[in-house]
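Residues per chain, in single letters:
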Amino acid sequence: MKQNLVCFLCPNSCELTVEETESGLAVRGNRCPRGEAFAKQELLDPQRTLTSSVRIHGAEFPLLSVRSDRPVKKRELLPLMQQLRSVECTAPIKQGDIILSGVGETAVNIIATRTMAAKVRGR
Amino acid sequence: MKEIVCDVAVIGGGPAGMAAALSAAAEGAQVLLIERNEGLGGILNQCIHDGFGIHRFGELLTGPEYAGRFAQQVAAAEGIQVLSHALVTEVGADHTVFCTTPKGMLTCHAKAIVLAVGCYERTRGAITIAGTRPAGVYTAGTAQHLINLDNVAIGKRAVILGSGDIGLIMARRLTLEGVEVVCVLEKMPICNGLPRNVQQCLKDFGIPLYLNRTVTELRGRNHLEQVVVCDVDDRGATIPETTETIDCDTLILSVGLIPETELLRSAGLPVARMTNSTPVNSHLETEVAGIFACGNGLHVNDLVDNVSAEGECAGKWAARYAAGERAGSAIPVECGTNVRYTMPQTLLPGETARLSLRVLREAREQTLVVRGDGDILFSRKLSHVTPAQMVCVELPGIVGINSGKVEVSVE
Ligand SMILES: Cc1cc2nc3c(=O)[nH]c(=O)nc-3n(C[C@H](O)[C@H](O)[C@H](O)COP(=O)(O)OP(=O)(O)OC[C@H]3O[C@@H](n4cnc5c(N)ncnc54)[C@H](O)[C@@H]3O)c2cc1C
Ligand code: SF4
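Protein chains in written order, with my numbering: chain A, 59 to 181; chain B, 152 to 562.
Take these hints with a grain of salt, some might be off.
Using C-beta positions, here's what the derived DEER-type ranges look like [unchecked claim]: (1) A:T75 - B:F249: 52 to 60 Å; (2) B:F249 - A:D127: 41 to 49 Å; (3) A:T75 - B:E328: 30 to 38 Å; (4) B:H206 - A:T164: 25 to 33 Å; (5) A:Q61 - B:G209: 26 to 34 Å; (6) A:Q61 - B:G329: 24 to 32 Å.
No wet-lab data here; the hints were simulated from the structure. Just so it is clear, CB atoms sit at the ideal spot from N, CA and C, and this is done for glycine as well.
The following block holds chain B by itself, in its conformation from the complex (with noise of 0.2 Å):
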């Protein structure tokens, strides 16, 4: 088995990973980026709509663009050697990286370690679905990966279940290509995808989409050929009297993401509910020392430039830490009023922060205010907020807190 040694070790090769690696580099890192694929850009390069980038590159850019901007930067940049084809099976507490390549094992012993996975789709397990299991049924990112990477047709009648933003995605670029797309289904009251592609995608072509509104059964032999629909009440409970079957041969599920928790669980890294995924500090780093995480792998994202973000704090903190810099003990966060979950989970005292959170209702003229011992430490206006646009915002350093907690509401 072949061993080498680095400063940093970051797995994932998408936009956190590159970001992270970038990051690290610029603080004077010795930086192994481990990517499965041949190329670097993860998912962005099956994205290849435009919408990607209006921050960091101040341009509306392609995800294939965007990545590609990003894989120059890592080619010029001294310091990363790229290491692709070599998928990581095991992180280790002690910061050694287990990696299959095809020249064989490969153990990296890194000073730290940045976990920058992404995540993978929801499928119909998941959501049980009663009827056959004929062919046709697909998650929105496998239908992407087909159509524009593999040029496989995959039908010519589709619904598609789920109003993620892969979803109204897949619903534009199955009309472009030809497939006439029936409508959109959501069971939730309220459509999960942001507005921007509720008006691209399905406005601009006429597809409608129906809230409180399910598939129930799966018809079909051997393909798909019929699905059954039918509406949920605010329990989630379906309506019977509302029934209706929709001839189709394709079904596209958007019913979510969820954060690739295999290595973060091999480090003996425990997993939030909320997040799906592991408790972080404001440097983005784990709970076991030296391990930081980022971007989808940590918590689901809807923007490419938040990732990046994340990836530069990630690979900053990550190239301090191999240079033998600590963090202290942190202050948690506690979510209050309207406050699905917060990220990170812990803030460093005196340090500025960006804080992500999710809501759990949609609501107008909002403030989120952050609170310790009863005083508001910081607060911001949100004229709109819906759980499916992820609130961000740069929080000053926070120091002198009794209690030893914050909490943060929406309200």
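So here's chain A without its partners, still in its complex pose (with noise of 0.2 Å):
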């Protein structure tokens, strides 16, 4: 069986061809080896890093950006964004703050990915 697969790992975005052979997985298509780790990782258990946002009270948006600290499997990420659903957090957060910890199967932190200032009074 022969699979095209474009490497998201870099800007390059190299057209990778994986064929499955007698001596395992044939990687064609990429620049550097990081793309063969990458085909093989898709083939066989696609990861990828969930971004998304939850509630913040007491800052200047209603919405704080956050993602997994590391890729989760990708069936993960639907069951994840459900949990992230009734997350509620208070500003002040830094970036790199850990929201939720050890959630899933690969058991990632949800971490903040900007910085909230507690809103200013009376503005």
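Combine the two chains into a complex, taking the hints into account.
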């Protein structure tokens, strides 16, 4: 079986082909070794970084952007989103602060991607 | 009216403006960085997905993280004064910058100016769809702002028109938020977004992308209820036999970005048709000496690292201009085979330059060639080019061209 993929680890966007051979998966089209690892991972166990936003109180904006600190399994994206829907936090928050720890199969942390100061009163 | 002076006034606090301010300050200039919003970061603050900064920071960051790193550097730098909540209304050819601030009008007399004002989105008016004008139609960037920053839900079933990156990213975002994305339609025969976005945003979630297909009519009284869609032929004419109606309450338009040119015009600068912006030399200096431009306000970029690199270039040369250095006359760059536009449009002799270009048509196994007086001055192999992906190369210094111009082609 032959599969075509695009490596998205860097802007080169190499077009990869992965073929199953007797000696395992053969990857072509990658301009660097990371592409080979990427293609194998994609076929066996695709992973993605989850990015979203959660509600925040007492800040300039109603939402705080967050991400998983490591990639999660692709099939975990929607269940984790469900979990994030009920999360609320309160300003001030610093970029990198853990909002939710050890969630999902891969036990990732959900961290803040933006610093949000507490709202100045009267503005 | 309050008046202030500075060496370099940078207008716009996105990645282009922050990079420009940092590099100008590194040259020893006193910099005023003017931003109309509360904080720095520009469009990056609403781009909460990851995929930024692989070149600059060596990591895959989200938009807010990329902006945050830059903003920290700006805060730590000496010689940068940030003026937020200040909207620049006019830039004079004499380097005067007029702004409105919460404390009233402010005039800044700068020795040099960097325009880093970003871009705006094409709207439906620009592409004229028939039918009613119901609620539920958003540009992709507006939808992104509403969902990612304002906590406003926008619908239950969406169609996306246009395959630009923001549209693709919004397809994923809406799906994650529980909105059903029926399909993405692209009028052109090729996808406008980056391949990695097609994979991560559409294929991951089984969202179909239909090429050569567009929306011809909107239906719904107060709120959108249906869109009528149909194939288009290679000349852009609709094919009525392929008409279909799709029930949806949301239509997202991702039909293109256009550089913000109001301030360029106020300084009396011409706006080129191809980039929708003004010609610059390899210092990113416009035709008005001492006024520089960079980032999406100069031409629409796909990668933020390129935007930052442009900002750095513009900031550095603006600082040197403020210190009295002047650029000589430049060599025009002409667009040859399969080149839609180049930026810069002129090269300063003997100086290395970053040349960005976009092609007209997709092609494989190509060579980018720069010619002067019929000789090949530079060439670079390109394995795959598409109009959606900007090509960027470092050119060596070019000297001694008798014809006074060079030509760039992709062949
Ligand atoms: C939705 C989306 C997704 C993207 N995804 C990616 C990606 O995955 N990877 C990647 O590398 N790149 C991506 N990009 C591209 C990259 O983020 C942008 O090209 C880049 O952020 C543009 O930077 P800029 O500084 O030119 O403009 P902006 O960030 O738009 O900054 C312009 C600033 O100028 C200010 N301003 C404008 N006019 C005035 C005025 N008159 N007075 C005062 N201030 C003013 C604005 O408020 C704004 O802060 C994406 C872009 C978008 C829109
Ligand atoms: S294979 Fe290497 S060079 Fe190619 S896109 Fe992936 S990371 Fe980049």
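Please name the hints from earlier in the document that this structure breaks, with their numbers sorted from lowest to highest. none
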